[in-house]
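For the record, the sequence lines run as chains Z and W. Every letter in the first sequence is one number past the one before it in our numbering, and letter 90, counting from 1, is 90. Every letter in the second sequence is one number past the one before it in our numbering, and letter 46, counting from 1, is 46.
Since the hints were made in silico from the structure, they are not lab data. From a predicted model like this one, the values you see are computed outputs, not experimental measurements. Some clues are possibly wrong.
Taking lysine-lysine and the DSS-like style, the derived pairs with C-alpha atoms no more than 27 Å apart in a straight line are [claimed, not checked]:
1) Lys69/Z to Lys59/Z
2) Lys109/Z to Lys59/Z
3) Lys42/Z to Lys99/Z
4) Lys70/W to Lys99/Z
5) Lys58/Z to Lys109/Z
6) Lys109/Z to Lys9/W
7) Lys42/Z to Lys9/W
8) Lys83/W to Lys99/Z
9) Lys14/W to Lys83/W
10) Lys58/Z to Lys78/Z
11) Lys99/Z to Lys59/Z
12) Lys99/Z to Lys57/W
13) Lys9/W to Lys71/W
14) Lys42/Z to Lys59/Z
15) Lys9/W to Lys83/W
16) Lys99/Z to Lys58/Z
17) Lys9/W to Lys99/Z
18) Lys99/Z to Lys71/W
19) Lys42/Z to Lys57/Z
20) Lys57/W to Lys83/W
21) Lys69/Z to Lys58/Z
22) Lys70/W to Lys9/W
23) Lys42/Z to Lys71/W
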Amino acid sequence: ILNVEQSPQSLHVQEGDSTNFTCSFPSSNFYALHWYRWETAKSPEALFVMTLNGDEKKKGRISATLNTKEGYSYLYIKGSQPEDSATYLCALRTSGTYKYIFGTGTRLKVLA
Amino acid sequence: DGGITQSPKYLFRKEGQNVTLSCEQNLNHDAMYWYRQDPGQGLRLIYYSQIVNDFQKGDIAEGYSVSREKKESFPLTVTSAQKNPTAFYLCASSIGPGTSGRNEQFFGPGTRLTVL
Numbered sequence: 001i002l003n004v005e006q007s008p009q010s011l012h013v014q015e016g017d018s019t020n021f022t023c024s025f026p027s028s029n030f031y032a033l034h035w036y037r038w039e040t041a042k043s044p045e046a047l048f049v050m051t052l053n054g055d056e057k058k059k060g061r062i063s064a065t066l067n068t069k070e071g072y073s074y075l076y077i078k079g080s081q082p083e084d085s086a087t088y089l090c091a092l093r094t095s096g097t098y099k100y101i102f103g104t105g106t107r108l109k110v111l112a
Numbered sequence: 001d002g003g004i005t006q007s008p009k010y011l012f013r014k015e016g017q018n019v020t021l022s023c024e025q026n027l028n029h030d031a032m033y034w035y036r037q038d039p040g041q042g043l044r045l046i047y048y049s050q051i052v053n054d055f056q057k058g059d060i061a062e063g064y065s066v067s068r069e070k071k072e073s074f075p076l077t078v079t080s081a082q083k084n085p086t087a088f089y090l091c092a093s094s095i096g097p098g099t100s101g102r103n104e105q106f107f108g109p110g111t112r113l114t115v116l
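Full structure from sequences and hints, please.
Below, the structure is given as structure tokens:
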């Protein structure tokens, strides 16, 4: 079973701080990487779908980059707000399969 | 409203009983998935289906069974053979294969199963 790792496991930041976390994955047979945000008592929601090496995606204050050759993706949040508090999950799909392997997530708490 | 529904939200069962978790979607998606979450672990894939009347085992299929008789429905049965069934179960769907990699998943609200 492939291993997708996320770090840090959790972090607390002050409102207005910028932060970033990492998703690491095996670089061989890469097909796609997804980022999801999972707020408490809600369902996970897709943030980004990334498929090409060097991809950069942005949605408001949140952005993500992808390096498939070295096997990592970064998620950045600029000027964190309390409503950004959630668990952020990444999920890897490799070529030749329809399965997704999820990381354990990074739990973000933004303090007002 | 389009979306995925799972019922019930909370489910309690006695040890040794089979239990079926419901998952329905009206997004016209071909692909559906069942995941399990345990404390401190990521979502682990139990079963997935890319098309009606076809499904494949995920990474932790032992003790579970599924059916995909209709496009909208993908029920999961937790059998008495599953050694540690107490967990949070999430169902998801996506458009399906052949969409150039853009297969973001849409998730239901989940069912928390407790086996007493």
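Tested hints:
The straight-line distance between the Cα atoms of Lys69/Z and Lys59/Z is roughly 24 Å, inside the 27 Å bound, and the hint therefore holds. Straight-line distance between C-alpha atoms of Lys109/Z and Lys59/Z comes to about 19 Å, which keeps the hinted pair within the 27 Å bound. The straight-line distance between the Cα atoms of Lys42/Z and Lys99/Z is roughly 23 Å, inside the 27 Å bound, and the hint therefore holds. Under the criterion of a C-alpha separation no larger than 27 Å, the hint pairing Lys70/W with Lys99/Z is consistent with the structure, at around 21 Å.
With a C-alpha separation of about 21 Å, the suggested pairing of Lys58/Z with Lys109/Z holds against the 27 Å cut-off. For the given pair, Lys109/Z sits about 25 Å from Lys9/W by alpha-carbon distance, which is consistent with the 27 Å threshold. Of the supplied pair hints, the one linking Lys42/Z and Lys9/W holds, its CA atoms being roughly 12 Å apart against a limit of 27 Å. With a C-alpha separation of about 24 Å, the suggested pair Lys83/W and Lys99/Z falls inside the 27 Å cut-off, and the hint holds.
Restraint check for Lys14/W and Lys83/W: satisfied, since their Cα atoms lie roughly 13 Å apart, inside the 27 Å limit. At most 27 Å may separate the alpha-carbon atoms for a hinted pair to count; Lys58/Z and Lys78/Z meet this at roughly 11 Å. Taken as a hint, the Lys99/Z and Lys59/Z pair is honoured in the structure, with Cα atoms around 26 Å apart against an allowance of 27 Å. Distance hint between Lys99/Z and Lys57/W is fulfilled; the C-alpha atoms sit about 10 Å from each other, no more than 27 Å.
At most 27 Å may separate the alpha-carbon atoms for a hinted pair to count; Lys9/W and Lys71/W meet this at roughly 22 Å. The hinted pair formed by Lys42/Z and Lys59/Z meets the criterion: a straight-line CA distance of about 20 Å does not exceed 27 Å. Of the supplied pair hints, the one linking Lys9/W and Lys83/W holds, its CA atoms being roughly 22 Å apart against a limit of 27 Å. Between the alpha carbons of Lys99/Z and Lys58/Z the distance comes to roughly 25 Å, so the proposed pair stays at or under 27 Å and holds.
For a cut-off of 27 Å, the pair hint linking Lys9/W to Lys99/Z stands: about 25 Å separates their Cα positions. Taken as a hint, the Lys99/Z and Lys71/W pair is honoured in the structure, with Cα atoms around 19 Å apart against an allowance of 27 Å. This hinted pair checks out: Lys42/Z and Lys57/Z have alpha carbons roughly 24 Å apart, not beyond 27 Å. With a CA separation close to 17 Å, the supplied pair Lys57/W and Lys83/W stays within the 27 Å bound.
Distance check on the hinted pair: Lys69/Z and Lys58/Z sit about 21 Å apart at the alpha-carbon level, within 27 Å; holds. As the CA atoms of Lys70/W and Lys9/W are separated by approximately 22 Å, the hinted pair is consistent with the 27 Å bound. Between Lys42/Z and Lys71/W, the direct Cα distance comes to roughly 24 Å. Compliance with the 27 Å bound is thereby established for this hinted pair.
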